[in-house]
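There are 2 protein chains.
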Amino acid sequence: MSVNEQIILAKRPQGMPDESDFTFEEQPLPVPQAGEVLVRTVYLSVDPYMRGRMSDAKSYAKPYEVGEVIAGGAVGQVMESTDPTYREGDYVAGTWGWQRFAAVRTGTLRKVNPDLAPVSTALGVLGMTGLTAYFGLLDIGQPKEGETVVISGAAGAVGMIVGQIAKIKGTRVIGIAGSDEKTKYLTEKLGFDAAINYQTEDLASALAEACPNGVDVYFDNVGGEVSDAVLRLINKNARIPICGQIALYNLEKPDTGPRIQSLLLTNTALMKGFLVGDYANRYNEALHELAEWLRDGNIQYAEHIVDGFEKTIEAFLGLFSGENLGKQLVKVSEEQS
Amino acid sequence: MSVNEQIILAKRPQGMPDESDFTFEEQPLPVPQAGEVLVRTVYLSVDPYMRGRMSDAKSYAKPYEVGEVIAGGAVGQVMESTDPTYREGDYVAGTWGWQRFAAVRTGTLRKVNPDLAPVSTALGVLGMTGLTAYFGLLDIGQPKEGETVVISGAAGAVGMIVGQIAKIKGTRVIGIAGSDEKTKYLTEKLGFDAAINYQTEDLASALAEACPNGVDVYFDNVGGEVSDAVLRLINKNARIPICGQIALYNLEKPDTGPRIQSLLLTNTALMKGFLVGDYANRYNEALHELAEWLRDGNIQYAEHIVDGFEKTIEAFLGLFSGENLGKQLVKVSEEQS
Numbered sequence: 002m003s004v005n006e007q008i009i010l011a012k013r014p015q016g017m018p019d020e021s022d023f024t025f026e027e028q029p030l031p032v033p034q035a036g037e038v039l040v041r042t043v044y045l046s047v048d049p050y051m052r053g054r055m056s057d058a059k060s061y062a063k064p065y066e067v068g069e070v071i072a073g074g075a076v077g078q079v080m081e082s083t084d085p086t087y088r089e090g091d092y093v094a095g096t097w098g099w100q101r102f103a104a105v106r107t108g109t110l111r112k113v114n115p116d117l118a119p120v121s122t123a124l125g126v127l128g129m130t131g132l133t134a135y136f137g138l139l140d141i142g143q144p145k146e147g148e149t150v151v152i153s154g155a156a157g158a159v160g161m162i163v164g165q166i167a168k169i170k171g172t173r174v175i176g177i178a179g180s181d182e183k184t185k186y187l188t189e190k191l192g193f194d195a196a197i198n199y200q201t202e203d204l205a206s207a208l209a210e211a212c213p214n215g216v217d218v219y220f221d222n223v224g225g226e227v228s229d230a231v232l233r234l235i236n237k238n239a240r241i242p243i244c245g246q247i248a249l250y251n252l253e254k255p256d257t258g259p260r261i262q263s264l265l266l267t268n269t270a271l272m273k274g275f276l277v278g279d280y281a282n283r284y285n286e287a288l289h290e291l292a293e294w295l296r297d298g299n300i301q302y303a304e305h306i307v308d309g310f311e312k313t314i315e316a317f318l319g320l321f322s323g324e325n326l327g328k329q330l331v332k333v334s335e336e337q338s
Numbered sequence: 002m003s004v005n006e007q008i009i010l011a012k013r014p015q016g017m018p019d020e021s022d023f024t025f026e027e028q029p030l031p032v033p034q035a036g037e038v039l040v041r042t043v044y045l046s047v048d049p050y051m052r053g054r055m056s057d058a059k060s061y062a063k064p065y066e067v068g069e070v071i072a073g074g075a076v077g078q079v080m081e082s083t084d085p086t087y088r089e090g091d092y093v094a095g096t097w098g099w100q101r102f103a104a105v106r107t108g109t110l111r112k113v114n115p116d117l118a119p120v121s122t123a124l125g126v127l128g129m130t131g132l133t134a135y136f137g138l139l140d141i142g143q144p145k146e147g148e149t150v151v152i153s154g155a156a157g158a159v160g161m162i163v164g165q166i167a168k169i170k171g172t173r174v175i176g177i178a179g180s181d182e183k184t185k186y187l188t189e190k191l192g193f194d195a196a197i198n199y200q201t202e203d204l205a206s207a208l209a210e211a212c213p214n215g216v217d218v219y220f221d222n223v224g225g226e227v228s229d230a231v232l233r234l235i236n237k238n239a240r241i242p243i244c245g246q247i248a249l250y251n252l253e254k255p256d257t258g259p260r261i262q263s264l265l266l267t268n269t270a271l272m273k274g275f276l277v278g279d280y281a282n283r284y285n286e287a288l289h290e291l292a293e294w295l296r297d298g299n300i301q302y303a304e305h306i307v308d309g310f311e312k313t314i315e316a317f318l319g320l321f322s323g324e325n326l327g328k329q330l331v332k333v334s335e336e337q338s
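In order, the protein sequences belong to chains A and B.
Numbering (this note's numbering) for the first sequence: 2 to 338.
Numbering (this note's numbering) for the second sequence: 2 to 338.
Chain A on its own, in the form it takes in the complex:
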């Protein structure tokens, strides 16, 4: 217990990352300074956007530095505190990332109530994942009752929350995912009206069949040819929140495809990239509503948890081959009461 272990960016990945882009390093257990707590990581989050931060290309988040710990969402328990408002055993969520322990300034943490929901949900439906779904769909997508909402990456952590919120709003919801297990989950467990396996079905004809009234909102997690197919079906005044482009993150040169501006013009459609952090001043309102929906059974969540800090990189890489159904997490240590 006196040794920390961290995952360090060893070099910037070219194309699909592999294990050689990272190193595991041992460090002495950090000592919390004034205003800090020592936390033991219980769950850490691996997310597609992290691939972007491993590059030094201009992006919405600043790049990770080579030689530094990979930062990202994590939930842990306080082991030692210099701040009277945090006590040993308290659960906290923060962004200390891929390490077993961290000394963290309390100003960057939020407390997690283990009686409200499993603490892992602070990284998912009651954390950045849920907030991303909430603001992207409701603020940019603005779904109206009776409209058709299509979601790519629909069985991913964000996509499945988006679809369930879209159902709450009275829309017809179609998910696109990469396996029959996922499409079945979306329709049978989450109430999606239809789901399409883009790996095995002819996407254009399956979409046309699933969207007889066209597409009013396209929540895009994926990009590439999946998006090309959906965009051909958009309606007048369609809204297209761009949440992710996972199909493109590991490409080594810019991808080309049909230019889309004419479709946006002739349909007077809106497309907007967004970043959940731009909505920080509305997090409380959103978390409150998400927690109510969760409590009332209007939304369910799925987690894909791998056990063991040493599996972190494997779990991260699995995001790009679509191994996760729902939120991909790594369990690093046990919860201790």
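Derived by calculation from the structure, the hints in this document are not laboratory data.
Treat the hints loosely; a few may be bogus.
One copy or any two copies: either way a pair holds, since identical chains are not told apart in the list.
[Stated by the list, open to error] Distance condition first, Cα-Cα at most 30 Å in a straight line; then the derived DSS-like pairs of lysine-lysine:
no., residue 1, residue 2
1, Lys63, Lys190
2, Lys145, Lys237
3, Lys254, Lys168
4, Lys254, Lys332
5, Lys237, Lys254
6, Lys254, Lys145
7, Lys332, Lys12
8, Lys237, Lys63
9, Lys168, Lys185
10, Lys112, Lys254
11, Lys12, Lys312
12, Lys237, Lys12
Given the structure of chain A, go ahead and fit chain B onto it with the hints provided.
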């Protein structure tokens, strides 16, 4: 004077239209029915969007029918009236299109005051052209003082109004156009901060030089490779009104290029196609402000007028080779007092 002449869509153009896609037909002078006036066309407008209506592809305006007169903006004088609110000699603007005379329902007309500005401006800065510039820039582009605004097709009818409104709003304005005559006009006559001739300059490096602080608003009339170059320079929270895609209108198959969603995502940028008709309930407010700016010398307009109804098709086709500086009009008859 007892014969009308009309230009009829003879067949749907494939690629770039030519004279064979149209026929000139003679008809008896129409007789206005109750609620109609007989108008003599003084000016008619040829506009890039008309190319879209000549196709039967889904678009924002319904396609022209083969065998029918090409509809579009026109200004004329009332020759005969069944409506006491319209008198012989009154100037009116409407959409009766490419014909020397028309019987038009007065409900589709607006009166034009010849003492306010030349009546041709009812098709330009004080008509659809000015309104398109106004709403696209101000409602979607939302330029803020000190920001950088780039305009493609900047020496076209809409583009040059956009640039001048952007200057009124205190922004740095860069125009992209297709000849040195045009770029010189933009900087020397209209006060653009810089203008780039995309035909002769290296667009990427010229843009980088002209936009040292990146691009906050890109008002796009053109599309294609010009847009690819501008989009690489957009800033965080950029706004991109899509007004036209003239580079693509005559292509026979969908154009391909770099996919742009990643740029919109990483810059949390907004792109929106728009149609001036969606702002109909705000026309009065906008025309009032445009007229004030015109009166106070804050905006100037340019017209490229060809003389003679028989030159209409030539004038229309000239839009696609960039022959016009400012609003392209055809003068069909003299104003009569």
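Comparing the hints with the structure gives:
no.: 1; hint: Lys63 to Lys190; verdict: neither (37 Å within a copy, 42 Å between copies)
no.: 2; hint: Lys145 to Lys237; verdict: both (14 Å within a copy, 28 Å between copies)
no.: 3; hint: Lys254 to Lys168; verdict: neither (37 Å within a copy, 37 Å between copies)
no.: 4; hint: Lys254 to Lys332; verdict: neither (34 Å within a copy, 51 Å between copies)
no.: 5; hint: Lys237 to Lys254; verdict: between (33 Å within a copy, 22 Å between copies)
no.: 6; hint: Lys254 to Lys145; verdict: neither (38 Å within a copy, 34 Å between copies)
no.: 7; hint: Lys332 to Lys12; verdict: within (25 Å within a copy, 67 Å between copies)
no.: 8; hint: Lys237 to Lys63; verdict: between (36 Å within a copy, 13 Å between copies)
no.: 9; hint: Lys168 to Lys185; verdict: within (17 Å within a copy, 55 Å between copies)
no.: 10; hint: Lys112 to Lys254; verdict: neither (42 Å within a copy, 56 Å between copies)
no.: 11; hint: Lys12 to Lys312; verdict: within (19 Å within a copy, 65 Å between copies)
no.: 12; hint: Lys237 to Lys12; verdict: between (46 Å within a copy, 27 Å between copies)
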